[in-house]
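So the sequence lines, in the order shown, correspond to chains A and B.
Per this note's numbering, the first sequence runs over residues 1 to 115.
Per this note's numbering, the second sequence runs over residues 1 to 111.
Derived by calculation from the structure, the hints in this document are not laboratory data.
Take these hints with a grain of salt, some might be off.
[Unchecked claim] Quick list of in silico lysine-lysine cross-link-like pairs, DSS-like style, CA-CA up to 30 Å:
1) A:Lys51 / B:Lys42
2) A:Lys27 / B:Lys58
3) A:Lys27 / B:Lys71
4) A:Lys51 / B:Lys22
5) A:Lys51 / A:Lys71
6) B:Lys37 / A:Lys27
7) B:Lys58 / A:Lys62
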Amino acid sequence: NAGVMQNPRHLVRRRGQEARLRCSPMKGHSHVYWYRQLPEEGLKFMVYLQKENIIDESGMPKERFSAEFPKEGPSILRIQQVVRGDSAAYFCASSPPLLGNTEAFFGQGTRLTVV
Amino acid sequence: GENVEQHPSTLSVQEGDSAVIKCTYSDSASNYFPWYKQELGKGPQLIIDIRSNVGEKKDQRIAVTLNKTAKHFSLHITETQPEDSAVYFCAASINGNQFYFGTGTSLTVIP
Chain A
1 NAGVMQNPRH LVRRRGQEAR LRCSPMKGHS HVYWYRQLPE EGLKFMVYLQ KENIIDESGM
61 PKERFSAEFP KEGPSILRIQ QVVRGDSAAY FCASSPPLLG NTEAFFGQGT RLTVV
Chain B
1 GENVEQHPST LSVQEGDSAV IKCTYSDSAS NYFPWYKQEL GKGPQLIIDI RSNVGEKKDQ
61 RIAVTLNKTA KHFSLHITET QPEDSAVYFC AASINGNQFY FGTGTSLTVI P
C-alpha cells in the first residue's frame with residue numbers, strides 16, 4: 001500500500017505564474033488535508049477536503065489559492081499569480097473515512113520556490 | 001478554535017539520556033493526540049498517538065502521557081540515540097476532522 005504521494009517534489013515558478021500541487025492519498029483514504037510549512041516553522045493548516053467537498057478552508061488565503069479533491073484523481077492545490085512569499089513546503093495528509101479518531105499520514109511534500 | 005502550544009522549541013540531550021516534549025491544548029473537545037517526527041527534507045511521520053480514553057501509551061523507547069483535566073500531553077523518549085535527532089510536532093484533533101499542530105521541537109541528540 002503506497003503512502004501519500006505528492007508531486008512534484010520540487011517546483012520552481014516565476015512571479016505571476018501558476019503553481020499546481022498534486023496529492024494522491026493513501027488507498028482507501030477519502031480525507032485530505034493541506035498544510036504549509038515555512039522554513040524553520042510549524043505546519044499551518046490550509047484546507048480540509050473530502051471527495052468533491054471542501055469541509056474547512058479557514059486556513060486558505062482569500063485570494064489566489066484554491067483546492068479541490070475530485071471524485072476521480074488526486075487532490076490539487078492551486079496557487080495563481082505566485083509571489084515570493086508563497087515559497088514554502090506544502091504538505092498533504094490523508095486519513096480514512098472512519099468516524100472517530102483516525103490517523104493522518106503525510107506525504108513528502110512539494111517545495112515551491114518562487115523566483 | 002483549538003490552540004496547541006509546544007515546549008521547548010529546541011532541546012539538546014546527551015545520547016542515552018531522556019527527552020521530554022510538552023504540549024498544551026485549549027479545546028476540551030479534542031480527543032486524539034498524535035505525535036510526528038520530521039527529518040530534514042522529509043514529510044512528518046506519525047510515531048505515536050493517544051486517544052482521550054487512555055492516560056498513557058508506550059511503544060519501545062517512546063511514550064506519551066495525557067492529562068485531560070490539565071489539557072496537556074507529553075512525549076517521552078528514553079535512551080536517546082543520534083537518529084532520534086529531528087523536529088517533533090504534537091497535534092490535537094477532534095475526531096480526526098481537523099489537526100492543529102504545535103510549533104515543533106528541534107531535538108538534537110549529542111553522541
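Quiz item: Which hint numbers does the structure go against, in order from smallest to largest?
Solution: Hint check: 3, 4 and 7 fail, others pass.
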